[in-house]
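Trainee: Assemble the dimeric complex from its two separately framed chains, guided by the hints.
In the order they appear, the protein sequences are chains A and B.
Reminder that position 248 of the first sequence reads as 253 in the working numbering, one-by-one numbering, no gaps.
Reminder that position 7 of the second sequence reads as 389 in the working numbering, one-by-one numbering, no gaps.
Everything labelled a hint here was simulated from the structure, so no lab data went into it.
These numbers were taken from a predicted model, which means no experiment stands behind them.
Wrong hints could be hidden among the right ones.
What the hints assert, rightly or not - Each pair of labels, with its calculated beta carbon distance range: (1) R419/B with R252/A: 39 to 49 Å; (2) I89/A with N468/B: 12 to 22 Å; (3) R148/A with I470/B: 49 to 59 Å; (4) P509/B with L42/A: 52 to 62 Å; (5) L497/B with I89/A: 23 to 33 Å.
Claimed, not checked - Sample of chain A residues facing chain B (criterion: CB under 10 Å; computed from the structure): (6) G82; (7) A85; (8) N92.
Every residue, glycine too, gets a C-beta built ideally from N, C-alpha and C.
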Amino acid sequence: MNTFRNLHPVTLLLYFSFVTVFSVFNFNPVYLCFSLLGAALYFASVKGVFVMLKSMAGYFIMLLAVAALNPLFSHNGATALFFINDNRVTLEAFCFGAALGLAIASALCWFSCIGEVFDSEKLLYLFGRASPKLAAVISLSLRLVPGIFKSFKEIHSAQSSFSSNQGRVRRFLSSFSAVITQSLENSIITADSMNARGFALKKRTRFSRFRFTAYDAGFSAFFVLLGTFICVGWFSFEFYPVISIGRLNALNIMSVVLFAVMSLTPFAYEVKEGVKWKISLSKI
Amino acid sequence: MKRFSALVILAVILIGGCSVKSAEEYYGETNAETGLRVKISINCENAVKYLKDNKRVNPDILKDCEVGFKKGETVFDALKTACKENKIQFEYNGSSESVYIKGIDYLYEFDCGELSGWEYSVNGEFPSVGCNAVRLNDGDEIKWLYTCDLGADIGNVFKATPHN
Numbered sequence: 006m007n008t009f010r011n012l013h014p015v016t017l018l019l020y021f022s023f024v025t026v027f028s029v030f031n032f033n034p035v036y037l038c039f040s041l042l043g044a045a046l047y048f049a050s051v052k053g054v055f056v057m058l059k060s061m062a063g064y065f066i067m068l069l070a071v072a073a074l075n076p077l078f079s080h081n082g083a084t085a086l087f088f089i090n091d092n093r094v095t096l097e098a099f100c101f102g103a104a105l106g107l108a109i110a111s112a113l114c115w116f117s118c119i120g121e122v123f124d125s126e127k128l129l130y131l132f133g134r135a136s137p138k139l140a141a142v143i144s145l146s147l148r149l150v151p152g153i154f155k156s157f158k159e160i161h162s163a164q165s166s167f168s169s170n171q172g173r174v175r176r177f178l179s180s181f182s183a184v185i186t187q188s189l190e191n192s193i194i195t196a197d198s199m200n201a202r203g204f205a206l207k208k209r210t211r212f213s214r215f216r217f218t219a220y221d222a223g224f225s226a227f228f229v230l231l232g233t234f235i236c237v238g239w240f241s242f243e244f245y246p247v248i249s250i251g252r253l254n255a256l257n258i259m260s261v262v263l264f265a266v267m268s269l270t271p272f273a274y275e276v277k278e279g280v281k282w283k284i285s286l287s288k289i
Numbered sequence: 383m384k385r386f387s388a389l390v391i392l393a394v395i396l397i398g399g400c401s402v403k404s405a406e407e408y409y410g411e412t413n414a415e416t417g418l419r420v421k422i423s424i425n426c427e428n429a430v431k432y433l434k435d436n437k438r439v440n441p442d443i444l445k446d447c448e449v450g451f452k453k454g455e456t457v458f459d460a461l462k463t464a465c466k467e468n469k470i471q472f473e474y475n476g477s478s479e480s481v482y483i484k485g486i487d488y489l490y491e492f493d494c495g496e497l498s499g500w501e502y503s504v505n506g507e508f509p510s511v512g513c514n515a516v517r518l519n520d521g522d523e524i525k526w527l528y529t530c531d532l533g534a535d536i537g538n539v540f541k542a543t544p545h546n
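So that you can see chain B by itself, here it is in the shape it has in the complex (with noise of 0.2 Å):
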């Protein structure tokens, strides 16, 4: 009995801690007007390189997107507001720490290779770490680009630092 009930408090507890919605509701949501945009721009040129074949031709999944976001949210919360907009497939994993996009547009990672994946910049500038620490400001320019060669393509070569 008592182990039942402590599955039970499992459970609720699992349960409580997602949202679930029905995909209507889902991409019926509209965020409330702020009057702060971004923009927003999925470019897959690298995979259509890539692949060569006939199913994914076009580079641009989203092209010069603007989107609203209140103060305090993230790039995640960007990429979702966008994708959900523009009802695009995405995939994450990570909690509220660290959120990694493993695919967009059910293009994923290790899709095109073993150093292949999706990174992004804002203003041209490519932060190393998750898309969820990074708030936004007004005005940003959010690019996620997908990468065969571990950044060396999109201009974000990657360095490993030292350890001291």
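Excised from the complex, chain A in its bound form (with noise of 0.2 Å):
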């Protein structure tokens, strides 16, 4: 089944640069909105509905604490509600905390989606040629602390039978003092293998299964043309003093509609993709 993460890496990572950087450097809530509908969405389809409400739920409670403390720095704003020492807490604070949570529930969920998306082959691909060493930081890093945890509980588990007469911050310094060991030895057989493997030459090829067809150039174009006409009918949302929005013309609501096709795409093109899959089953 082709999915939207089988689209060529470079329109992957021109989609998802568009729709983080759309997330995260705004705090209008008619955008922020549609951003957390479509990254949710799309997360719910790689990762299941549950995972998705699982994840949200955690967003929430970091919406509403972001929402509850921000008044108290912030006192700009003409609602008063009440006063603390002096300086007054304001509605206006309080929405803005609930739009910077918001920005930051989409971001948090944009880059849980990057996560799934972007395995260390497409990584290899988009940064390989470009600076190999930082490809190959990249993707030693992200392999680093997994595995640092997965053997920290290999050998947890395993000192936790052996040695029950020990104390608890005595077994878990134990284990950690082996972790280290481990991973210091571990750095140097990375190290041994990478030049085995040739690491070090000047002349290397690279085989990638990836190639750039019309119909990644043709999304590529697509989402190109959506961020510039975004960007073109882009309208501020302000909080301070009043929350207000300027007065919308033609071009403003387009910019929204359009930041909603763009942030939806990837759900819809599973949905499109799974109903083909359905219909393309056999029915004898």
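Mentor: Below is the structure:
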């Protein structure tokens, strides 16, 4: 089955850099709602609805926390709810906090989608040509932390089963020191292994399965076009001193609609391919 | 359990150290009349010139307002009273040691470039201390002025004092 992640890595990189930039550098809740919706739906189609809802619950708690904390640090805004030590606590600051939380939640959600989409092969393909060292470092460090956790779990369970008379802290410390020793050993082995596979050689060719087809080119052009028109019609959302949107024109509305199209593209792609798969199943 | 009770005590201290008032309560308060008065004005002429937008056209946020004060009160208290009586928004940072005014009437520091912010003068002099360190005298004239150039545009050129 063909899925969104099977698009060419360059196209995917283009798409995800667009949506994450639009989600991170932006406090306009109109855009952010669509961004979060698109990210959540795509995440659900990749990892399942239950996993998505679980992470959404976490994001929601974070959103509430940011919304509750922002008014305590920012006292700008015309609607005073109450006063703490002569500083006003305002509705506008609360709303800005909520928008900030929304921005963080949608960015996190897009980043977990990115984690699902970009495996080390794609990363090596994307950054390997520009800087093989950088690509090696990225893929090594991506593997490092989960690897350390895994070996810690193994060592700790072994330690726990043969030395039950040790205290918890002592047991933890001895497992920890064993993990450190092992990872030092591993780093030497990794270096040897990299040398043996010709890492330091000047002339080296690489094989990758990715081919930039007309299909990928079409999608890339589509994303660039969408991004341009979204930027052209971008409108600002003012929180201070009163919440206000400037007068909206057709360009602004088009920008929001196109942004919704852009954020929902991966999910729509998955749905389309799913339907196609169902239809093409043999009915014998 | 120990940790929980420590948290509760911390929360009680934090909340107990704050005075929380509703908006009506806050704006309904009046100072007891003592006969002592100061003149206070808040002016953002420089910001109006700098921003050049239609949202901020009036340079006088507060023009020649007289407020009463109690003996021992400071410039900060006068600003608080004036803002309370005229329902002007303001935000400050800091505590009893040193208070810094970040913004008045939604006009904040750095809104007009990185050298902008609020400064104050008492009878034409610019004290280089926090506004809660200057005691009020009867008949003082306090001016809160917005600068876009670290004080140079309001007659208070900043001179760095060399360290010995």
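Trainee: Okay, which hints does this one fail, numbers in order?
Mentor: Hint check: nothing fails, all pass.
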